[in-house]
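Undergrad: Given chain A, work out where chain B should sit, using these hints.
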Amino acid sequence: MPNLEHPAYPAATLLHLESLVPCRESQVSMLLSIFGERQQFTFPSIFIYGHTSSGKTYVIQTLLNTLRLPHVFVNCVEYFTSRLLLEEILIQLQNCSSETKHASHVPCDTFNDFVRLFKQAVTCQDLQDQTLYIVLDRAEQLREMEANILPAFLRLQELTDRNVTVVLLSEIVWELFRPSTGCFEPFTLYFPDYSIGHLQKILSHNHPPEYSADFYAAYINILLGVFYMVCRDLKELQHLAVLNFSKYCEPVVRGEANERDTRKLWKNIEPHLKKAMQTVYLREISSSQWERLQRDGGELGQFKGLSAHAHVELPYYSKFLLIAAYLASYNPVRTDKRFFLKHHGKIKKTNFMKKHEKTSNHLLGPKPFPLDRLLAILYSIVDNRVAPTANIFSQITSLVTLQLLSMVGHNDQLDGPRYKCTVSLDFIRAVAR
Amino acid sequence: GCFVFKPSPKRRRVSPKTADYFREGNNDSEDSGLRFATCQSLWKQIKSETEQIQEELNKQLFDNLVSFLRRSHSEFQEKTTEWTCRMKSREIPTAALVLGVNVTDHDLTFKSLSEVLQNNITPYVALLQAKDCPGIKNLMQKLMGQLMNCYIDVDSSDEEDYIQVSQNRIRCSMASLISWYENITKKTDSETPSKKRTSSRHLRSPPVVVVFKDMESFTTKVLQDFIVISSQHIRELPLVLIFGIATSPMIIHSLLPHSVSSLLCIELFQSLSCKEHLSTIIDKLLLTTQFPFKLSEKVLQVLINIFLYHDFSVQNFIKGFQLCIVEHFYSQPLSVLCCQLVEAKKRVNSLSHSQCENVRRLPSFRRYVENQVSEKQIALLTADNFLKEVIQKLLEDLHVYHENYVPVLRCLHVFTSSLPKYPLGKQIRELHCACLENRVWETEEYESSLQLARMLNKSDLVTVLEKCVEIFVSSSGKEFDKAVEKLKEFLAEFQKLEAGACQERDESVSSQKELQKKTDLYHLQKTLLELKESRRSKKLTKFEMLRFEVVDFIDNLVRNYLTPSDHKTLHEIMYFNTASALREHLNAAPRIALHTALNNPYCYLKNQALKSDGGSISNKAPDICIAYKLHLECGRLINLVDWLEAFSTVVMAVEGPNADAAASDQVDDIIHARFIRAVSELELLGFVKPSKQKTDHVARLTWGGC
Numbered sequence: 001m002p003n004l005e006h007p008a009y010p011a012a013t014l015l016h017l018e019s020l021v022p023c024r025e026s027q028v029s030m031l032l033s034i035f036g037e038r039q040q041f042t043f044p045s046i047f048i049y050g051h052t053s054s055g056k057t058y059v060i061q062t063l064l065n066t067l068r069l070p071h072v073f074v075n076c077v078e079y080f081t082s083r084l085l086l087e088e089i090l091i092q093l094q095n096c097s098s099e100t101k102h103a104s105h106v107p108c109d110t111f112n113d114f115v116r117l118f119k120q121a122v123t124c125q126d127l128q129d130q131t132l133y134i135v136l137d138r139a140e141q142l143r144e145m146e147a148n149i150l151p152a153f154l155r156l157q158e159l160t161d162r163n164v165t166v167v168l169l170s171e172i173v174w175e176l177f178r179p180s181t182g183c184f185e186p187f188t189l190y191f192p193d194y195s196i197g198h199l200q201k202i203l204s205h206n207h208p209p210e211y212s213a214d215f216y217a218a219y220i221n222i223l224l225g226v227f228y229m230v231c232r233d234l235k236e237l238q239h240l241a242v243l244n245f246s247k248y249c250e251p252v253v254r255g256e257a258n259e260r261d262t263r264k265l266w267k268n269i270e271p272h273l274k275k276a277m278q279t280v281y282l283r284e285i286s287s288s289q290w291e292r293l294q295r296d297g298g299e300l301g302q303f304k305g306l307s308a309h310a311h312v313e314l315p316y317y318s319k320f321l322l323i324a325a326y327l328a329s330y331n332p333v334r335t336d337k338r339f340f341l342k343h344h345g346k347i348k349k350t351n352f353m354k355k356h357e358k359t360s361n362h363l364l365g366p367k368p369f370p371l372d373r374l375l376a377i378l379y380s381i382v383d384n385r386v387a388p389t390a391n392i393f394s395q396i397t398s399l400v401t402l403q404l405l406s407m408v409g410h411n412d413q414l415d416g417p418r419y420k421c422t423v424s425l426d427f428i429r430a431v432a433r
Numbered sequence: 001g002c003f004v005f006k007p008s009p010k011r012r013r014v015s016p017k018t019a020d021y022f023r024e025g026n027n028d029s030e031d032s033g034l035r036f037a038t039c040q041s042l043w044k045q046i047k048s049e050t051e052q053i054q055e056e057l058n059k060q061l062f063d064n065l066v067s068f069l070r071r072s073h074s075e076f077q078e079k080t081t082e083w084t085c086r087m088k089s090r091e092i093p094t095a096a097l098v099l100g101v102n103v104t105d106h107d108l109t110f111k112s113l114s115e116v117l118q119n120n121i122t123p124y125v126a127l128l129q130a131k132d133c134p135g136i137k138n139l140m141q142k143l144m145g146q147l148m149n150c151y152i153d154v155d156s157s158d159e160e161d162y163i164q165v166s167q168n169r170i171r172c173s174m175a176s177l178i179s180w181y182e183n184i185t186k187k188t189d190s191e192t193p194s195k196k197r198t199s200s201r202h203l204r205s206p207p208v209v210v211v212f213k214d215m216e217s218f219t220t221k222v223l224q225d226f227i228v229i230s231s232q233h234i235r236e237l238p239l240v241l242i243f244g245i246a247t248s249p250m251i252i253h254s255l256l257p258h259s260v261s262s263l264l265c266i267e268l269f270q271s272l273s274c275k276e277h278l279s280t281i282i283d284k285l286l287l288t289t290q291f292p293f294k295l296s297e298k299v300l301q302v303l304i305n306i307f308l309y310h311d312f313s314v315q316n317f318i319k320g321f322q323l324c325i326v327e328h329f330y331s332q333p334l335s336v337l338c339c340q341l342v343e344a345k346k347r348v349n350s351l352s353h354s355q356c357e358n359v360r361r362l363p364s365f366r367r368y369v370e371n372q373v374s375e376k377q378i379a380l381l382t383a384d385n386f387l388k389e390v391i392q393k394l395l396e397d398l399h400v401y402h403e404n405y406v407p408v409l410r411c412l413h414v415f416t417s418s419l420p421k422y423p424l425g426k427q428i429r430e431l432h433c434a435c436l437e438n439r440v441w442e443t444e445e446y447e448s449s450l451q452l453a454r455m456l457n458k459s460d461l462v463t464v465l466e467k468c469v470e471i472f473v474s475s476s477g478k479e480f481d482k483a484v485e486k487l488k489e490f491l492a493e494f495q496k497l498e499a500g501a502c503q504e505r506d507e508s509v510s511s512q513k514e515l516q517k518k519t520d521l522y523h524l525q526k527t528l529l530e531l532k533e534s535r536r537s538k539k540l541t542k543f544e545m546l547r548f549e550v551v552d553f554i555d556n557l558v559r560n561y562l563t564p565s566d567h568k569t570l571h572e573i574m575y576f577n578t579a580s581a582l583r584e585h586l587n588a589a590p591r592i593a594l595h596t597a598l599n600n601p602y603c604y605l606k607n608q609a610l611k612s613d614g615g616s617i618s619n620k621a622p623d624i625c626i627a628y629k630l631h632l633e634c635g636r637l638i639n640l641v642d643w644l645e646a647f648s649t650v651v652m653a654v655e656g657p658n659a660d661a662a663a664s665d666q667v668d669d670i671i672h673a674r675f676i677r678a679v680s681e682l683e684l685l686g687f688v689k690p691s692k693q694k695t696d697h698v699a700r701l702t703w704g705g706c
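So the sequence lines, in the order shown, correspond to chains A and B. For the first sequence, UniProt numbering assigns the number 1 to the initial residue and increments by one for each residue that follows. For the second sequence, UniProt numbering assigns the number 1 to the initial residue and increments by one for each residue that follows.
One chain only, chain A, in its complex shape (with noise of 0.2 Å):
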């Protein structure tokens, strides 16, 4: 295991670093080497990206706050115009090193106005001796928003004169990033995927006070051995492992079983965490309902999930209406004539289906159709005359609100609106019963 090492930092922080970043160790040093002292320069911009939950944000923060560098970190997601980011970033600055807050408003429209602003900044908080980072967390964002955004803060260094470098977290790659018309390269840092050895070691690391860590490490032994296969997601572990936990105590609770009995914990909490991978995880249930679930005893069944009310109550018209929709979506135009019409011309069977007719027209996808086609097979499977008053068109709007219908092309197109159904067999044969 490579122990943190670097003269700039006392041993003993380092030391409290490690504790709170596990399985990180490796990123770290190479962090703490590119950052360097205080006060030298570093590059630019660095760009760090992983799987969800792999730590960036987490072991960006800890580095940040443990070693207490100067730095704002910001969510790209949160400030969604680039007005609202950079105005963010300069009043997290102001607040920077000293405490008071004292947010007075500035006003902030372009980049250049943030990089005057920046300037002042740095100078009146009396950080020019050492580097600011500043953190743009989801930095997937800033490339929907203005073109010279991200290019700008790739190379802020450089645009302010001032030792500050800008730390990139996202979930893509970088290639993704990169603008057409070039830009400056950051350094990229790869975050691997915590393997299930580091989860495990992760998830026991907190565990609660009332039981040993050995216990709580066997917990997470078997959450894993059920939840592995399909989560790999740190948190919604974590998450899954605290709502569980007090169904596994159970025993030793009641006494039936000591904490060294795994076998018997092994055989109570098995089932239940299987039925938790098909309810709670998929939130089917909420996690409060399971939860007193768990406290009370109840039968699973009280609680339906969510994709058991997939029956939706339509009017009569409506109905036809989506199986219109449905048929129209789904069948060629040219069988419509065979299908519908009473009295049909006979139709060859020999070369009646094309050959890409074969494949089955559900593995295509709707296609779509226009209101007049709609409006003819509903007529022919209603058995009574239908007219076509204001209601029925005025439903298939609803039905286009609703999303089981979605219109194709413009919305404001007026003459021959045409459509798609977007409802399943499933929804069809439930609605068609």
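No wet-lab data here; the hints were simulated from the structure. Think of the CB as a built atom: it goes at the ideal place given N, C-alpha and C, for glycine as much as any other residue. Some hints could be false.
Among the chain B residues that face chain A by a calculated CB cut under 10 Å, a handful are [to be verified]:
1. S72
2. A96
3. S259
4. I306
TA: Leaving out everything else, chain B in the frame of chain A:
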């Protein structure tokens, strides 16, 4: 949602001018003011009644939601530092509110929901609609606008605060929302005791409730971003989301990926189905003597059909009912008598002569007169005073009829709804329609349901009878004392039978035993034959006799009390029965109207010159009609030159055969211009559009020609 509701101009009756509409265009301006007043007071009653019904129906749902909200941020209140709370990822409590596809009704539900929440849980409720939130920015703007204003509403004393807020408004980020929340909760904590009254109803740090009214219409990105942002701040800002869902809760999973939906703690709440809601409304509005105004069978059928076939909207049903009321009071001069019996009797005395003539003209009254002796006939037709007396009596009869009708209808419904396959309908509204339509006891369905009722087993029969007794006892009708007595007698006899039943069973068992004894084949056959014989001719058991009696008794009740309303004299006063007007207003057919206008202009223009048409195209019709008729004969693509030629031929026909020789080779400029105008008008109406497939051609957008 787009279940269109078309406001009728007559419905605006708030301004004083609207009262004049009642007089206007109606030659018979009898009592129009009084009619208007009656109409309004009746509608006011009905409106408050419907609102009350809605409130009661929603109570259960709202109670559940309120307790959910109270529970949702209990951790936030207590600020626990327990291990589990520390380790568990904080999810956003979310209520998935499944409301059904009747989108038009949702507004009212949300309105009362936000009222309930503001009264019980938190002043901070924001309602968001998809059309206001195309992007996350707009959503945040709307959200903050609503939240910060609602604070102002609660505590409008400090004006400076409001100004500060409006200046800060530009920075619509979560951070400013959080600082706003911190400020506001701090302030309420340190408030003077006088203000505690308002905050005591709420929790100490009340949650912020965000309602997404139409979940389906929100774009995925906006929802995702919002959820991700707010989940990061859930520890500082106790947010609760409510998703209004019209279809099924599956939509949550199809809109949100697992990484986002795992941030939510979703609980499901289901509102009452709209069909049950309608049943309650019909029960409380129509099957009661509380309101004098009634709907005839056809009108009710139209309203129910619109509900079941088109929109499932209870609000639209009530609006339709309102339209019926207005239409009735507007078109029927005698509707002045459509009020409570006591009041109506008074009004009869002050009827004018022409109103009396109106009464004499009523078909039901004429039928009544014809059945009287000749002296009385003359008196009825000449003496107003005598007529008024009779009217009073007849109104009383009508009132008694209504009082008796409802309980008997309910009894019959209790009977028929316990039968297999429901020959007379499962819902009481179907039975009601059947009874209004014609004599129900003459229908086949009634016959078959009586047959089935004669086969009911005892326990069912007893429960049905008990229910009937309950209905009669709680009804206001005076004539049911005897019926109740009779029913109770039946019940007592059934009880007696129970004791007797044991004996009978013994007998049958003994005969069975005898059968077992005889092992000889010949004897066995003989006894079997005997048994069969005895069974065929067997007298009905006591139970069966009694059952027949019960069914006959019910049959009698039905024949006595469930006569259709239009057999009653003066029913026109209480019953609205112009279903066609209602259909025209509520179920408009724009295509058909347009076709009629263009195909048969006489229908709207009432010009005698246009009347003669029998399929041929008249040249006196407006140009657009001629062009329309000509284009009906074409296929999908129409050649403009041919069309113009045909058009000019039709138009020139007036000049006679001698003129067409000159006109044949060259079309007049004026006619050309008229043609172009007609075609562009058709294009505007959406019948044709320019085609790119062929030059000089236009494409038809309607079918039917080819």
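Undergrad: Could you work out which earlier hints the structure fails to respect and list their numbers in ascending sequence?
TA: Of the numbered hints given earlier, the structure breaks none, since each of them holds.
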